[in-house]
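Visitor: These protein sequences, in sequence, are chains E and W.
According to the numbering used here, the stretch in the first sequence is residues 1 to 424, in order.
According to the numbering used here, the stretch in the second sequence is residues 1001 to 1303, in order.
Please keep in mind that the hints were generated in silico from the structure rather than gathered at the bench.
Mixed in with the good hints, there may be bad ones.
Partial chain E-side listing against chain W, Cβ under 10 Å, derived [to be verified]: (1) Val49; (2) Thr63; (3) Glu197; (4) Gly200.
Each computed DMTMM-like pair below joins lysine to aspartate or glutamate, with the alpha-carbon atoms no more than 20 Å apart [what the hints assert, rightly or not]: (5) E:Lys113 to E:Asp137; (6) E:Lys249 to W:Glu1167; (7) E:Lys199 to W:Asp1163; (8) E:Lys99 to W:Glu1047; (9) E:Lys259 to W:Glu1047; (10) E:Lys79 to W:Asp1200.
Computed from a predicted structure; not experimentally measured.
Using N, Cα and C, we set each Cβ at its ideal position, and we do this for glycine too.
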Amino acid sequence: MKEEKPPVESLATDRRKVLKGTAAILASGIFPAIHAEEKIVLRYLGTAVNQDKKIAEKFKADTGIEIQYVAVTTDDVTKRAVTAPNSFDLIDTEYFSLKKIVPTGNLLGIDTKRIKNADKITTLFTKGEVAGKKVGDQGTAPKKVMYLDKPDSKTFSATPTQYMTLIPTVYNADTLGIRPDLIKRPINSWAELLNPEFKGKAAILNIPSIGIMDAAMVVEAKGIYKYPDKGNMTKAEIDLTIKTLIEAKKAGQFRALWKDFNESVNLMASGEVVIQSMWSPAVTAVRTKGIACTFQPLKEGYRAWAAGFGVPKSVTGKKADGVYEFINWFLDGWAGAYLNRQGYYSAVLDTAKAKMEAYEWAYWMEGKAAAQDIKSPNGDLLAKAGSIRDGGSYETRMGGIACWNAVMDENEYMVKKWNEFVAA
Amino acid sequence: MTTQQNTQNSVAPLRISAGWQATPYSMVFLLFFLIPLGLILMVSFWEFNEYEMIPTFTWHSYISIFEGCTQLNEYGDTCVTLKTYGSTIRISLIVWFITLILGFSVAYFLAFCVRTTAMQTMLFVLCTVPFWTSNVIRMISWIPLLGRNGLVNQSLVGMGLVDQPVEWLLFSEFSVVLAFVHLYTMFMIVPIFNSMMRIDRSLIEAATDNGATAWQTLWSVIIPLSRTGIIIGSIFVITIVMGDFVTIGVMGGQQIASVGKIIQVQTSFLQFPLAAANAVILLLVVLMIIWGLTRLVDIRKEL
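Using the sequences and the hints given, assemble the complete structure.
Guide: See the structure below:
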């Protein structure tokens, strides 16, 4: 016993020394910066998926401004923005939520003159175009809710102005996730989600505003009906869509519905489900477990979503400067490259490209075979050399957008009918 | 007699000081229960749109909840509301019945078959094991057990009892009930055990001496005397299950409707008046069930 003690003690002192050392390094590196411009802490409201610790750390190291993450679910971000606008300094929300938030006047339009890279924001947001070609704009396409006439305007401007509602952060195009090892044949249409072949092995997500869009893609793919605007259905169209879902449910098509990102990962990884609506990072999560999972491109196109930074009107003075500094920093490349490496897309592509290796850019953005192993920002292996990203290049993927996540005019009716589907 | 007189004499000052002593709790009750409840009731009569609530007085939310409930729909089902309440009540009753039988048996065993207090305490602690891990982890761990490729199915297929994995083990009413029973039997055991421990053992001896069989003793002596515990346990289990949305969601694969789930969906879509109206209706239904139960036994008197 006695002989064992000294090493333990020295280990403890060692640890203490290390801690002290780290503290000293941290202090010497950051303290002057904080001291110079007072300590600013920005409360960043958003979903956990976008709130990466490394981004906050890097920003603090670069500018001395601290980011305090407030992580809630997508629906709760909207709820907080509407009901408690003083509880955050910066909001990261989806574009479709704007239809609920902007009429409350809780957000202030962002002055693009203060955003260095504002004119470089991808045309997908400003014009609804990818590489000069128009993409699908059914639903709440960002270009419809991108601009305000005045900073405190409660309605959207149809044409580009100086004031943006949100500065885009991440966006992507969602499709079905499949287990190729269990399906063993090519899948190329949304209609397969309700194919009786996968009876009891399919899942759809239980977030009504997104689930209904996936269902609408299926209805169109099956040739049952062609919607004038999937993102804004009439009551009759909602009835029809839900009816299709209810019939499938009664026939035992769905193994489960999921609401949480992790649920979808579990369903897929355990083999309970072989085809389901899915999000890109969930597919990555299944793959990092060593299980085959494909984010399958489909001929009818993708359902896209986009999120961005907004500034609440309660933020003024030094804090407002800090918020603008963060947004400028975010568009400056480091964060963009970080997000691109996770399989999302960043708002300003040029600056992100400058911070990525050529082989990474070729794999993630140009749809080329990986010249060497592709790793996530955490160092996990995502794809071996030679593999190609699902869905190909940025132009092919984002050019294939069919519709956007949306809030419909008949939202109350839609939610009610969706509950009917869940109860059926 | 003297003690009775004493208490009678000191009644007046006692009341006042008792009132003061109850103040903190009354304030908590008022602040965190009665006022919020009043607000919920108020909001349930408001109008709303996509982003705000409009103070007014309308039955809109209640009408909307019961819309279409007068006839069957095209699939021969009742409306969502009735169907949801139906399935919620059905699950509550099944869970109540199973937890009652299980809880009663376990409590009986603990109270009458285990001789030493030390052993009783130990076994009692053992009953709390399900509460040692988080609710979510407990529920998620059912999946590798009951899933299509789970342990149970692998064993069944391996033993040649079934050809295909049994699908209804998971994401079904069965798994929901299983999880509830696993979680809430404890709430039945505790009050029943408590009542049983207070039964005078000489009553049981007397019953035996008078020639009653074990079954007769159970039915005519023990059950009537543990009635309070049974009712309290029942109230716990029924109110918890009626309001649940997490367990039904996870274990039912989000495919089984529950009132709690509907309220949650409505609040997340900022439809607060609808959610409030649903909450009021749920509260009334639960209160009615409890009122029915308390008809069977006057809890305040028995305690």
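Visitor: Could you check if Thr63 of chain E really has its C-beta closer than 10 Å to a C-beta on chain W?
Guide: With a minimum Cβ separation of about 34 Å from chain W (threshold 10 Å), the hint on Thr63 of chain E is violated.
Visitor: Against the 20 Å threshold, does the CA-CA distance of Lys249 of chain E and Glu1167 of chain W hold or violate the hint?
Guide: The given pair, whose Cα atoms are some 15 Å apart, holds under the 20 Å limit.
Visitor: Sort out whether Asp137 of chain E lies within 20 Å of Lys113 of chain E, counting only the CA atoms.
Guide: 27 Å, violated
Visitor: Holds or violated: is there a CB of chain W closer than 10 Å to the CB of Gly200 of chain E?
Guide: 6 Å, holds
Visitor: Glu197 of chain E was flagged as interface toward chain W. Is the shortest Cβ-Cβ separation under 10 Å?
Guide: Interface hint status for Glu197 of chain E: violated (16 Å vs cutoff 10 Å).
Visitor: Mind checking the alpha carbons of Lys79 of chain E and Asp1200 of chain W for me, to see if they're no more than 20 Å apart?
Guide: 57 Å, violated
Visitor: Is the shortest C-beta separation between Val49 of chain E and chain W less than 10 Å?
Guide: Result: violated, 17 Å to nearest chain W Cβ.
Visitor: For a C-alpha distance cap of 20 Å, please report whether Lys199 of chain E and Asp1163 of chain W respect it.
Guide: 18 Å, holds
Visitor: Check whether the Cα positions of Lys99 of chain E and Glu1047 of chain W lie no farther apart than 20 Å.
Guide: Holds, at roughly 18 Å.
Visitor: Against the 20 Å threshold, does the CA-CA distance of Lys259 of chain E and Glu1047 of chain W hold or violate the hint?
Guide: 28 Å, violated
Hints 1, 2, 3, 5, 9 and 10, counting from the list given before, are not met by this structure.
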